[in-house]
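Student: Residues per chain, in single letters:
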Amino acid sequence: MITIKQLISQIEQRQPVLNKAELSAAQLHQTLDGVGGLYDASNQQLSFLADPKYVSSLKDSHAGAVLVTEQYSEQVPATTLPLVVATPYLAYASASQLFVPQLSKRAVHPTAVIAESAIIDADVAIGPFCVIGERVRIGAGSRLDSHVVVESDTCIGAHSVIKSQVFIGYNCIIGDHVRLHAGASIGAEGFGFAPTRDPSSSGWERIAQLGRVVIGNHVRIGSNTCIDRGAIDDTIIGDHVIIDNLVQVAHNVRIGAGTAIAAQTGIAGSTTIGKRCIIGGAVGITGHIEIADDVTLSGMAMVTKSIKVAGSYSSGTVAMPTAKWRRAAVRFRQLGNN
Amino acid sequence: MITIKQLISQIEQRQPVLNKAELSAAQLHQTLDGVGGLYDASNQQLSFLADPKYVSSLKDSHAGAVLVTEQYSEQVPATTLPLVVATPYLAYASASQLFVPQLSKRAVHPTAVIAESAIIDADVAIGPFCVIGERVRIGAGSRLDSHVVVESDTCIGAHSVIKSQVFIGYNCIIGDHVRLHAGASIGAEGFGFAPTRDPSSSGWERIAQLGRVVIGNHVRIGSNTCIDRGAIDDTIIGDHVIIDNLVQVAHNVRIGAGTAIAAQTGIAGSTTIGKRCIIGGAVGITGHIEIADDVTLSGMAMVTKSIKVAGSYSSGTVAMPTAKWRRAAVRFRQLGNN
Amino acid sequence: MITIKQLISQIEQRQPVLNKAELSAAQLHQTLDGVGGLYDASNQQLSFLADPKYVSSLKDSHAGAVLVTEQYSEQVPATTLPLVVATPYLAYASASQLFVPQLSKRAVHPTAVIAESAIIDADVAIGPFCVIGERVRIGAGSRLDSHVVVESDTCIGAHSVIKSQVFIGYNCIIGDHVRLHAGASIGAEGFGFAPTRDPSSSGWERIAQLGRVVIGNHVRIGSNTCIDRGAIDDTIIGDHVIIDNLVQVAHNVRIGAGTAIAAQTGIAGSTTIGKRCIIGGAVGITGHIEIADDVTLSGMAMVTKSIKVAGSYSSGTVAMPTAKWRRAAVRFRQLGNN
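As you go down the protein sequences, you meet chains A, B and C in turn. Residue numbering for the first sequence is 1 to 338, as defined by the numbering used here. Residue numbering for the second sequence is 339 to 676, as defined by the numbering used here. Residue numbering for the third sequence is 677 to 1014, as defined by the numbering used here.
Just so you know, these hints were derived from the structure itself, not from any lab. Don't be surprised by glycine CBs; every beta carbon is placed ideally from N, CA and C. Among the hints, erroneous ones may be present.
As the list claims (entries may be wrong) - Distance ranges between label pairs, derived from CB positions: (1) C:710 - B:457: 48 to 56 Å; (2) A:331 - C:982: 52 to 60 Å; (3) C:982 - B:424: 28 to 36 Å.
Claimed, not checked - Looking from chain C toward chain A, a few residues come up when the C-beta cut is under 10 Å (computed): (4) 679; (5) 972; (6) 975.
Based on the sequences and whatever the hints tell you, model everything.
Tutor: Shown next as structure tokens:
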């Protein structure tokens, strides 16, 4: 159960609650136990009006409290407590975190296998069947769920959350307040091979990947995403980067601070992505290029050359009835004739 | 070793075996130990003729038994036992399940870490190093292989199979007769963030994902596929949905009953997919749209708008010699000029 | 610490070091502790000049030793030891492997659950929480890190490295000198279903996948890649095949020797890929087709038909400013009109 007072305190880490002074003590001690949409929320739930197009739902809402801008605060029904902020969506984001159930105990599970040389700070939780290598360091308040593997010499910062079955290779650096989701692979060996040119064989000689993965603070990595370690230099993920599920980040990629990358995007080796980019789902970015700051790439875009100017870029063709598409695809092919 | 009698009993859960009455007791007790193609099968193996274009292989087959339609049953060689059905491919599917080796014992492995408050029904198998959270329920006859993590308050139905290294987040619902393959991530946190708009930072505020994943009955999820939990409401996978490997299903997606989704497809947040859709591999579907029932999407299609009419849709261009493709791609780009 | 003598011995497994006879005993006993780029390398590090465009960095390098061709060996500074080879990049690949830290002990961890009927050769390392099924065989010198699952009757060759959280299904064959990276899924059930055609249900009947995955020697499989077992016959990965992360290889695919496949590529069921192909990232290849030997596919290519002639093939359109792209995409769509 979360009190309105706790909610306000959480929200105000980002922005002021503008009508705070008008709330009574009784209102401040009112409690909520969850969240809901404007239409569905019960009187025990928090809701929000972020997009004015839903304002018609506001007056019928039964939510216990609702986050709104000043402009719409008058339209909140009498049975609902308005919490007035400049940016309700951001306020909802802040508040939502209070309602997550606390699953794991702040303890080290007896089944975890932890090297004696590892340095585990106070108040670190390590779940069942984790394996922590030699000389690993884990900062205060971090939490590793079950079956996490951290190879030797890797350093994890403070207040990070590593979900179950994450793999972190040796000698990597993970910052503070990082969240790695289930099954992510950080610091596996990059895909580097030299052709043997041996006429008797079609083989490849493996290039050992001796660089690291260095992940900044406040980074989020999704489920089953792969971030490979560098070949010689490091693969670098800047502060505040957020990455969705099933993304491929190849060796020696560098991603600038604040960039967001949606699911299934792939970034080939040695490419540099700028700051504050927004990269849609299933985008493909070739290797050894540079993407400027503040570039937006729409979903499934194919990027084969550097992008030097901020802005929005797209490629591909959109779904159409298959019979018509067949004709269009043939005509595209004919465009390739001299 | 499977007897013809057992085969018939299994097949008849779906369709009658039309010549059953003509079989002798000796034939019913004949045994088989595996399956094979018409051309390769030994006299200890079951085969089938599903596609008439392979009928020429039928007369030379050495299979112990063959599933055929009435039309081709006369062409089965004398040394092979014909089993006559309306749909041999479906009959083969049914029969094939009898030949899977039974790997795991019906027991709870002593290394599994199971919360005391979990309720595990009779005849449940839980393999080594599984971690089962507080108040989890697992229905009769379900089987969890090794290293499965089930967070607290999640409910798994009866007769489901959860392969090794699957992750299931807290408070999710998995139906009966569900199969989750190795490394699947169900109920991880969705990719929801609000921009902080803080000029001194390029940060994002995480939106806790408080909805669930709700998976119906007879659902199949492939290896390393990710199905994220909803933000406020639930992510919903209908009955009889089958999903291949490495698929991304974002928060608050809803997938209608009987839909099939091939590998590496991505469905962005809050999109609704109809019933009985057939979605090819590596399709990309944007967020907040609706796909009608009975839509077919060909592989790699890019869907950026709702599809309201059943039918087949495609997009993209097909591989051609690179030199010609370069010209075609330049001309496509020129189509964007005024 | 690696001596120059050790380096030479490693490099000469692939090609001669041409100035070996000119080196003094002191030079042969000189040691290095890592690798670096020409510009960055310290006098304790090995570097290389593979691409003549970096020759200007050579004369300023502080590397302890540098791999160069005869042509550029005169330009190596006096403080750096030149090692002259025909192919510096290949020599670097060979040498790099000496600098990987040795993490795991050559031992079987007491927490591993190993069936009594498994046959584990001498000098095999098995890490914490591995689960090894009945009648599994593991060849000499192979190493399994943590949480590896090997189901019953599977055979792993000699000198293979299986990283953490890899899943290998029952009855598969993994060759010698194979490397499987974290979270890879080998031999999970393929995506095979027969429609039930039951008017009262939209269901699917599962087809048990009774074939195997057979992986040759010197194969490399990336993180979270999925290789499904065959339906009746086997899925086959030839010798010297190298596969990156998050790749999907469906049931009954066959991949010829020496082929390289970049991340996020998907190959649908029963397709055959030739030898020595180079397949870019996020390529999609439809099922039941054949790709000839020595085919190159550029990233994101969509292959819907067999390719019978060696050469380079591409498809797709490349990223352009979104406003212009919208016009181009509309015009592509119009190409589909009669």
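Student: Does each hint fit the structure? Answer for all of them.
Tutor: Hints, verified against the model:
no., hint, in the structure
1, C:710 - B:457: 48 to 56 Å, "55 Å, holds"
2, A:331 - C:982: 52 to 60 Å, "22 Å, violated"
3, C:982 - B:424: 28 to 36 Å, "33 Å, holds"
4, 679, "17 Å, violated"
5, 972, "13 Å, violated"
6, 975, "6 Å, holds"
Hints 2, 4, 5 from the list above are not met by this structure, while the remaining hints are.
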